[in-house]
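*Asks:* Mind docking chain C on chain X? Use the hints.
In the order they appear, the protein sequences are chains X and C.
Be aware that the first sequence starts at 1, since it is given in UniProt numbering, and climbs by one per residue.
Be aware that the second sequence starts at 1, since it is given in UniProt numbering, and climbs by one per residue.
Where hints are given, some of them may not hold.
Any copy, or any two copies together, can satisfy a pair, since identical chains are not distinguished.
Said to hold, decoys possible - 35 Å max Cα-Cα, derived DSBU-like pairs, lysine-lysine:
hint: 1; residue 1: K340; residue 2: K161
hint: 2; residue 1: K639; residue 2: K15
hint: 3; residue 1: K155; residue 2: K617
hint: 4; residue 1: K340; residue 2: K513
hint: 5; residue 1: K414; residue 2: K434
hint: 6; residue 1: K622; residue 2: K655
hint: 7; residue 1: K340; residue 2: K618
hint: 8; residue 1: K198; residue 2: K617
hint: 9; residue 1: K80; residue 2: K362
To be clear, the hints were calculated from the coordinates, so they are not data collected in a lab.
Protein chains: 2
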Amino acid sequence: MRKIFHEIVSLDDAKSILWQNFNFTPIGVEEVAIGEAHGRVLAEDIIAAIDVPPFDRSTVDGYAVKAEDVFGAYEDRPVKLKVVGKIEAGDIPRVEVGYGQCVEIATGAPLPRGANAVVMVEFTKRINDELFVFKPVSPGENVMSAGSDIMIGEKIITKGKVLTPREIGVLAALGFDKVKVYAKPKVAVISTGNELVKPGRPLEPFKIYDVNSYAIASSAMEDGCEIISLTYAPDDEQKILDVVSSALEKSDVVLISGGTSAGAGDLVYRVLEKLGEVLVHGLAVKPGKPTAIAKCRGKLVVGLPGYPVSALMIYNVLVSPALRAMAGKALERRSFVKAKMAIRVSPSRGRREFLPVSLVLKDDGSISAYPLTGGSGAITTLSLADGYVEISEDVEYVDEDEEVEVRLFGEMIKPAEMTIIGSHCIGLEKLVEKLAIRGFKEVKLINVGSTGGLHAIKRGEADIAGTHLLDEVTGIYNIPFVERYGLKDVLLIEGYLREQGFILAKGNPKNIKSWEDLLREDVYFINRNKGSGTRVFVDLNLKKLAQERGLSFDDVVKMVRGYSFEAKTHSAVAAAVAQGRADVGVGIRSAASMYGLDFIPLTVEKYDFVVRKSSLKKSAVKEFIEILKSSSFKEELEKIPGFKALNPGNVLLEK
Amino acid sequence: MRKIFHEIVSLDDAKSILWQNFNFTPIGVEEVAIGEAHGRVLAEDIIAAIDVPPFDRSTVDGYAVKAEDVFGAYEDRPVKLKVVGKIEAGDIPRVEVGYGQCVEIATGAPLPRGANAVVMVEFTKRINDELFVFKPVSPGENVMSAGSDIMIGEKIITKGKVLTPREIGVLAALGFDKVKVYAKPKVAVISTGNELVKPGRPLEPFKIYDVNSYAIASSAMEDGCEIISLTYAPDDEQKILDVVSSALEKSDVVLISGGTSAGAGDLVYRVLEKLGEVLVHGLAVKPGKPTAIAKCRGKLVVGLPGYPVSALMIYNVLVSPALRAMAGKALERRSFVKAKMAIRVSPSRGRREFLPVSLVLKDDGSISAYPLTGGSGAITTLSLADGYVEISEDVEYVDEDEEVEVRLFGEMIKPAEMTIIGSHCIGLEKLVEKLAIRGFKEVKLINVGSTGGLHAIKRGEADIAGTHLLDEVTGIYNIPFVERYGLKDVLLIEGYLREQGFILAKGNPKNIKSWEDLLREDVYFINRNKGSGTRVFVDLNLKKLAQERGLSFDDVVKMVRGYSFEAKTHSAVAAAVAQGRADVGVGIRSAASMYGLDFIPLTVEKYDFVVRKSSLKKSAVKEFIEILKSSSFKEELEKIPGFKALNPGNVLLEK
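One chain only, chain X, in its complex shape:
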């Protein structure tokens, strides 16, 4: 049997080994202009070298006076002063204020000698050189005295602070045009694996695109690093050695992804052993077992797992803190949120588990974390995962509604402001686009089919569900299902009509006309996912067919070639037909037109929206309904082939 892993260590041990073997401190300091310092980490204490303000300064537009001159001033008995000059901001104050005198002064201008206060212009009346003051001032009023804000010698910003617009303003105020910041650690990212193709190049058969190096490089940039190279090596020990070797010359840290599994070669491990010392090889973590940590020529080299989600999680857990320390940043990104686990989860015992989750903002302001079960190799897991939950070795289960801490996959990731879960629809996609234009960008649109949407409404995870479910008995769309699924405190809002039918190759070469044709041996069908309204419609028709033929539904299903191939969207059905992977599928007319395919209409169905009443408070939901009701949307919608709107936004049912 092949050697699997050397000695699998726990995550905590791996962390200790990592931090014991390296001194992760800032790698250097560089000077940057304050205009380029945004987001950088301050590498020096900022001590004021000037007083702020540097002189006694008027804080208003008005007249500089001796306070004692106007002590008795009142609305009905103003004090008269003589205006002896004028000082603008930036002027050198050459004039002096004597008793009975005043000087016109602008906001920010220096107080002239002799004056000790400023009367606001609003409380004066001027006639030529005479000024009438209607309100007294006390000494120092409307004056900011020299050094009262900041005094020379005060430490104003401490080393280690991340520079934001605020700190940059403070630096400017103190006269700094340049500032010392920590240098960005140089990171080389290498991907290995014969199966990898660089994005942008044509995909050869049995190859996949390289995902990890781009996602990892982007994360390292977010952690304050500079990516000095992003290279590839095939599964060849010498070639990997050459690439790692040259990467070590110019970088502070080398990250390699793929190739660390105990599969094909375990090449990366062997290369690391040749180039230095392997400190960790194999982690008791799920997913992320194939992780390697090495010290080569004094530098950190980490071999990350090949699966994208695993690679990203291990990066976040192990590598990110080290890189951040080298960049002078706080070890923790602090980009985590508290959430409640949406369903009970039983992790595998004895291994630390990282569970990718998707976050949903509930209308009480709390956040639900939905575990993603597509596996860490799936790209949909990657695209839906907002972050992950760390589950200890000794945890038996995490209960529904138990509070968990979710580490986000990016500093900019936020729980969605609105979640639409349900049936896929091109019209709905248009609506979401319009929402984005109006500023609502964080809308999560998850296509799980109509019934999945209704479940999501019931569990409080969706604000809106798009649905097109036909009741077999009454022939009514959607309305009966609100009751049937026990939905409460919801509105059913009218959407629009969509033509649903067979999507067929151009010219219908196989001459498919009816459901019966799906039973033909030469016809390949592409199905939709379980729970989608279209799947319900397909099954309904196949059941009828079975009845007509005196067969069982199962028998009919077995006769339909491709019945088990499930596409998740109408467009995916059309694409499958367009590329000849299937002869026929069921979907909406617009999907057929999009791919220039033939279409045989079967039904006109109602696509409506279930909205949780409590979600109506959310501004994104309000905007959604407003757009739905707008004539401009109706107009745009009806340009889509097969779409028609009657009274969109109309409340069909209240529960």
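*Replies:* Showing chain C alone in chain X's frame:
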């Protein structure tokens, strides 16, 4: 009287006017490499052009089999198969699996013809070409079938999405090496005002450094813009006109700060009237009245107030959403937090008010917002302000503990993880530096003096307060004050000893020896702020002096020249003496040494720490105490002149 403002409009009206006169939509689209796409906004829908995975793929290391061959396999009666080949990831599968056969397969490798499942290597034993399988698999097990993750035609990422490491990974997976993103709006920032000096240049008399343009430029960059120029114009109509005119040629938006007050010139307003149409001039907003909005050559020009905090708030409220819309971003930064107002606030009626606040994380996880009262012209207000609270025109007061929404001044601003409020100390600054090195960067250190620190502990806003208060009666430091201030659930933790004394010019030219010398006419004193332990110590000695002389304290105070000049830190006292602005001050020895000054010791005082017990849960607080106790810190501390540590970290009192 001078013209003040044309017609002051409310903020809501100003917003309406702004959005009615401009169509703030993305200004363009550009293509960038995915490696540079981090943080950019997607300008196209991403539709999958490939299936993911593109072929049936093994998800584990193992053996590709016909599931039906191993149905009966069990631990004690393995099924024997013949190994007929091997497939690595990236290989083209040329071998076929017949009945009784299997093929060795690596994770990610394509499934060979004839196989429909993969047995994990863990459940097999191989002897040469013979494989023993100890566990059955069902068809499809450990296989990810083609298109099951993503199918051609599926919309995977919607236009408008901000690209994070996750999306960049997904783009790579789909083969995109470039991606269309919205172009960055080009912004020109202009500062006006004769009083302004560019940071980095020497500060001429009666001038101040330009703050606004840098803080505004940095904010605009954060909002997704490119700063194409950062220029300056003096208070000269023609020169301002020239600068704005040329800025309009190359930019999408022009932001001018300063010069919009009704003071000196109102020049910006006149320039904007010449170049186009002024839409708003004067806002019913506090602070921010001197705001101008104009449309010049079809472009937005905004005149921002001159005070930094006002400029930043008006930028955030009015300009930021417009720029974000032009950058294709969500209008709201969504960088706001809910907080509880720490004290009752009565805003000015009839005007919308923006209140700058400093945020403090309390140990129950809630956030307190402390209004900053230094005025929007103060740089300390800028440096302490984490954001601002918007208070409506009709609000009479915001009560203590009332929930408010705080808009942050930067996306990276977070409430502090630990707050230390109290007496300024160089030793404490060193300790905070050490904390920063250990990863705790978000420590707020506010110097308000010993008594201010104890008040902050009582109100729950400080985790730790540094204090050195001497009880006149008992001669004991700090301990009596814990009781006197009614502090509960706190620990008093031993800090260290500091030598306190007169800080004098090098060589003590004025021959100052005792407190009596402070009464001399030729001696200028620099005081400390009220509430500081040093101020208490100064006043104690002046009171003694008054008693000795049979004078009142007030009489003595009047005789001390400079008594009313208050520095907030020891270093600021030393700086004032070093620069001859004062002859003597009271402070710690280290401050004198730092500036090479003379020092006459007066007392050795105890500088200790009050820690809220509930704050002990915070990891930053734990680390603080650990550092305090460490021998390495003691060693470093005692290198500071005048510092001595006995049992730092020792609990002196528990309440």
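*Asks:* Would you mind marking each hint as holding or not holding in the structure?
*Replies:* We went through each hint and held it up to the structure:
In the homo-oligomer, the alpha carbons of K340 and K161 lie at most 35 Å apart both inside one protomer (32 Å) and across protomers (25 Å), since each shortest distance falls under that limit. Only between protomers do K639 and K15 lie at most 35 Å apart by alpha-carbon distance; the minimum there is 34 Å, versus 58 Å within a single protomer. Taking CA atoms no more than 35 Å apart as the test, K155 paired with K617 passes between copies only; the shortest distance there is 29 Å, against 46 Å inside one copy. When the C-alpha separation of K340 and K513 is checked against a cutoff of 35 Å, the pair qualifies neither within a copy, at 50 Å, nor between copies, at 67 Å.
In this assembly of identical chains, the alpha carbons of K414 and K434 lie at most 35 Å apart whether taken from the same copy (20 Å) or from different copies (32 Å). In this assembly of identical chains, the alpha carbons of K622 and K655 lie at most 35 Å apart only when taken from the same copy (19 Å versus 52 Å across copies). Within a single copy, K340 and K618 get their C-alpha atoms as close as 20 Å, and across copies as close as 22 Å, so both meet the 35 Å cut-off. For the identical chains of this complex, K198 and K617 are neighbours neither inside a copy (46 Å) nor across copies (48 Å), given an alpha-carbon limit of 35 Å.
When the C-alpha separation of K80 and K362 is checked against a cutoff of 35 Å, the pair qualifies neither within a copy, at 65 Å, nor between copies, at 54 Å.
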